[in-house]
Every structure is written in structure tokens, then in C-alpha cells.
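K.L.:
Sequence:
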Amino acid sequence: MPTEGWGPRRKVLAPGLRNGKPAMTFGAMPRAKDCLRGRGGGNLPAMSGMSLRSLLAGLVPMLMTLLLAACAAQFHVPGAPVVAPQFDTDHWEAPDGASLPMREWLPAGPPKAVVLALHGMNDYSNAFDDPGRALAAKGIAVYAYDQRGFGKGPYPGYWSSTRAMAEDLRVAARLVAARHPGVPLFLLGESMGGAVVMVAVAEGPLPGVKGVILSAPAVWGRESMGVVQRAALWLAYEVAPGWELTGRGLHIKASDNIPMLRKLAKDPLVIKATRVDTIKGLVDLMDAAAASAPSVRLPFLLLYGEKDEIIPADAMWTAIDALPKNGTTRRIALYPKGYHMLLRDLEARTVIDDVAAWIADPGRPLPSGADAEAEREMAKRAKGEN
Numbered sequence: 014m015p016t017e018g019w020g021p022r023r024k025v026l027a028p029g030l031r032n033g034k035p036a037m038t039f040g041a042m043p044r045a046k047d048c049l050r051g052r053g054g055g056n057l058p059a060m061s062g063m064s065l066r067s068l069l070a071g072l073v074p075m076l077m078t079l080l081l082a083a084c085a086a087q088f089h090v091p092g093a094p095v096v097a098p099q100f101d102t103d104h105w106e107a108p109d110g111a112s113l114p115m116r117e118w119l120p121a122g123p124p125k126a127v128v129l130a131l132h133g134m135n136d137y138s139n140a141f142d143d144p145g146r147a148l149a150a151k152g153i154a155v156y157a158y159d160q161r162g163f164g165k166g167p168y169p170g171y172w173s174s175t176r177a178m179a180e181d182l183r184v185a186a187r188l189v190a191a192r193h194p195g196v197p198l199f200l201l202g203e204s205m206g207g208a209v210v211m212v213a214v215a216e217g218p219l220p221g222v223k224g225v226i227l228s229a230p231a232v233w234g235r236e237s238m239g240v241v242q243r244a245a246l247w248l249a250y251e252v253a254p255g256w257e258l259t260g261r262g263l264h265i266k267a268s269d270n271i272p273m274l275r276k277l278a279k280d281p282l283v284i285k286a287t288r289v290d291t292i293k294g295l296v297d298l299m300d301a302a303a304a305s306a307p308s309v310r311l312p313f314l315l316l317y318g319e320k321d322e323i324i325p326a327d328a329m330w331t332a333i334d335a336l337p338k339n340g341t342t343r344r345i346a347l348y349p350k351g352y353h354m355l356l357r358d359l360e361a362r363t364v365i366d367d368v369a370a371w372i373a374d375p376g377r378p379l380p381s382g383a384d385a386e387a388e389r390e391m392a393k394r395a396k397g398e399n
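Read in order, the letters of the sequence shown are residues 14 to 399 in the numbering used here.
Honestly, the hints are just simulated from the structure, not real lab data. The beta carbon of each residue, even a glycine, is placed where N, CA and C say it ideally should be. Be aware that one or more of the hints could be misleading.
[Said to hold, decoys possible] 20 Å max Cα-Cα, derived SDA-like pairs, lysine to any residue: (1) Lys279 <-> Ile265; (2) Lys151 <-> Gly376; (3) Lys151 <-> Arg389; (4) Lys320 <-> Ala361; (5) Lys393 <-> Thr331.
[Said to hold, decoys possible] Simulated restraints, written as ranges between beta carbons of each label pair: (6) Ala392 <-> Pro169: 37 to 47 Å; (7) Ala392 <-> Thr342: 15 to 25 Å; (8) Arg235 <-> Lys338: 37 to 47 Å; (9) Leu188 <-> Asn399: 35 to 45 Å.
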């Protein structure tokens with residue numbers, strides 16, 4: 014797993030507890046606005062709404078203006094365990110005392126299956142409101158929480174670490190499994206959340222977890238990037254890790270569901286400007302997810318849209334090729350009209366129906382035929398036609 018930090022300027026901030034809540038133990042620190050902000054302008058609806066490729070490429074001509082504007086990188090990693098993890102009314106409490114907001118969508122009767130879902134970059138648990146309702150109507154309980162650094166989670170706008178995010182998922186999965194004993198549990202991750210799922214399950218088995226659903230997982234690591242993009246990220250992190258970048262002018266289409274994207278742009282809990290050190294943390298996570306692919310031993314369903322402008326196709330198919338070849342327990346779905354935000358696109362219902370069908374029987378073909386579409390694409394790539 015890649016090391017999460019370059020050079021001596023990395024500052025890791027570990028929380029202690031104050032009145033039972035996380036509190037910083039190191040005194041005052043610079044605020045994000047005290048570091049030079051990027052002037053790209055605009056709103057960034059979510060990772061789901063930005064192209065990391067374009068952001069990194071755009072860094073090069075601007076970096077020389079930042080050489081004297083550096084602030085120390087800031088990562089808010091969990092502190093030592095101080096409490097037993099537990100559910101509360103609207104959140105779950107992590108071992109370090111951090112409160113992670115939790116949402117749930119429950120069926121009218123006993124659930125046939127349970128899904129624990131993780132949101133993408135700059136998004137939060139509300140990302141699963143529509144998918145959660147749709148799955149609950151099919152008898153599947155859905156839980157989703159705000160990860161550290163996002164939504165109403167601890168220290169929004171600041172990255173924690175790959176290890177912290179993966180361990181949070183493993184703890185939350187155990188809590189959800191204990192709430193629904195004997196009911197099959199599935200982990201679902203969208204984009205960044207998919208990367209976290211891959212890293213978490215690669216670390217070893219989890220009680221009750223029967224499979225994973227990866228919706229456009231973020232697997233665009235450094236090996237898949239160009240030299241210019243890698244160099245731009247390295248230099249930006251070294252000289253101005255607190256610089257904030259936005260998505261204005263990138264002309265990236267994350268979804269064909271424009272009303273949904275407009276709601277995201279107006280949602281105060283969706284992060285609109287992203288620190289360079291957070292982007293660097295995301296790339297570390299994507300490195301780890303790509304490296305973890307061969308160790309994803311659980312049955313899995315991977316969803317990808319042919320019109321995805323966020324995760325490059327070559328990076329995705331490389332990761333798919335690295336995933337274990339477990340026969341009928343491995344299912345890839347390719348949606349010709351799908352964008353990055355498959356679970357919220359205009360054709361989301363088709364995707365959600367496939368997810369529900371796969372949960373019910375991972376060995377059966379998907380009702381949409383998207384798995385057959387993926388097989389055709391993989392055959393073309395094997396022949397060098399793409």
C-alpha cells in the first residue's frame with residue numbers, strides 16, 4: 014500500500030477527546046482560507062462532478078505563482094481507541110470517539126439483504142437517497158454514512174487517510190451485520206467509496222459480508238497517469254498543499270441528470286473547493302485500490318458507464334483485468350449510456366434493478382444485459398480493437 018505523504022512538510026493531526034467528542038490536541042493551526050486559494054473558480058459538485066485529469070493538467074501553468082504561498086499539509090487521522098464502537102440514533106461512533114452521521118432506508122418488513130454504502134469524493138451519505146429508497150422498496154435495507162472529511166463527518170474538507178477510511182468501513186460493517194444477524198450484507202461504494210471498499214475487503218474477511226458492489230470505483234492511480242499529471246500533483250503538494258481547486262471551466266459531464274447536478278451544486282454539505290493535500294490523499298487511495306484489486310476475493314459486481322468522463326476507461330479496464338477471475342461470482346456491467354454517477358443518472362433505475370437482481374442471485378445474468386455488453390467490450394480489448 015502506498016505511503017501517504019511526501020517530504021517533511023506533511024503534518025498529521027490526530028484528535029483527542031474533549032467532552033466525549035473529537036478535539037484537536039495541538040493548539041491553533043492555519044485555516045484553509047489562510048492558504049492561497051486557487052483561482053479556477055466555480056463550483057465542484059462532487060468528485061462525481063470533477064475531472065481529476067483536468068485539474069492536474071491545469072495545475073502546471075499556475076504553480077509558479079504559488080512558490081511563496083505554501084502552507085503545511087494537514088491530514089486528520091483518527092486518535093487512539095477510547096470507546097467501543099456503537100450505533101446511535103443518527104450516527105455511529107468510531108473507536109476514537111468520532112461521530113459519523115448515518116442514514117438508513119429500511120423496507121416495510123424484514124430485509125432480504127442489507128447494503129452498507131459509501132459515497133464519492135466531496136459528496137456525503139445523501140448521495141444514496143434515491144438508490145436507498147428504490148432498494149428498500151425491493152426489500153433491501155440500505156445504510157450510508159458521511160466519511161471523515163465529508164458532509165457532517167469530522168473535519169469536512171480535510172483528508173484523513175486511506176487506512177482510516179478502510180478501517181471505518183470495516184468497523185461500520187461489523188455494526189450493521191450485528192444489527193441484522195443472519196441477513197446477507199453487501200458493501201456498495203461509488204467512485205471514491207468504491208476505492209475504500211476495495212482496500213477494506215482486501216485486508217481480510219468481514220463477518221456477514223457476502224459481496225461488494227463497485228460503482229465506477231476510483232482506480233485512476235499514479236501508474237495510469239501521465240508524467241505531467243504526476244509531476245503537477247507532486248509539485249502542487251510540495252509548494253501549496255492548502256491551495257483550493259474548483260471545477261469551473263473543466264466542462265466535465267458527470268451525469269446526464271442535470272436537475273440532480275444542480276441540487277448538488279446548491280447543497281451546502283457538498284464540498285465545492287478541494288485542497289491539494291486532499292487531492293493527493295485521494296490519489297494515494299486510488300493507488301491503494303488499484304493495488305488491492307487482485308485481493309478482492311469476495312463475489313463482486315462492478316458497474317461502469319461507457320460515457321464516464323471521471324475515471325478513464327483504460328484505468329478502469331486495467332483494474333478489472335487485475336480483479337480475481339472467480340467465474341460466476343465476478344460480474345462486470347457496462348452501460349453504453351451511463352455516466353460516472355450511474356446510481357443517479359437518468360437511467361439509474363436500470364442500474365438499481367441490476368444491483369437488486371445481483372444481490373438476489375449473483376450467478377444469474379443481469380436483467381439489463383449490461384454484463385453481456387461488458388463481455389463484448391473485454392473481448393474487443395483482448396483483440397486490441399480498443
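K.L.:
For a C-alpha distance cap of 20 Å, please report whether Lys320 and Ala361 respect it.
P.N.:
holds (14 Å)
K.L.:
Lys151 and Gly376: Cα distance at most 20 Å?
P.N.:
holds (19 Å)
K.L.:
Could you grab the alpha-carbon distance between Lys393 and Thr331 and see if it respects the 20 Å cut-off?
P.N.:
holds (14 Å)
K.L.:
How does the Cβ-Cβ distance of Ala392 and Pro169 compare with 37 to 47 Å: does it lie in that range?
P.N.:
holds (44 Å)
K.L.:
Range first: 35 to 45 Å. Now tell me if the beta carbons of Leu188 and Asn399 are that far apart.
P.N.:
Since the Cβ atoms of Leu188 and Asn399 sit about 42 Å apart, the hinted range of 35 to 45 Å holds.
K.L.:
Would the pair Lys279 and Ile265 pass a check requiring their Cα atoms to be no farther apart than 20 Å?
P.N.:
holds (18 Å)
K.L.:
A range of 15 to 25 Å was offered for this pair. Does it hold for the Cβ distance of Ala392 and Thr342?
P.N.:
Since Ala392 and Thr342 have Cβ atoms about 20 Å apart, the given range 15 to 25 Å holds.
K.L.:
If I claimed the Cβ atoms of Arg235 and Lys338 lie 37 to 47 Å apart, would that claim hold in this structure?
P.N.:
violated (25 Å)
K.L.:
With the threshold set at 20 Å, check whether the alpha-carbon distance from Lys151 to Arg389 stays at or below it.
P.N.:
With Cα atoms ~30 Å apart, Lys151 and Arg389 exceed 20 Å; violated.
Going down the numbered hints, you'll see the structure goes against 3 and 8, while the others check out.
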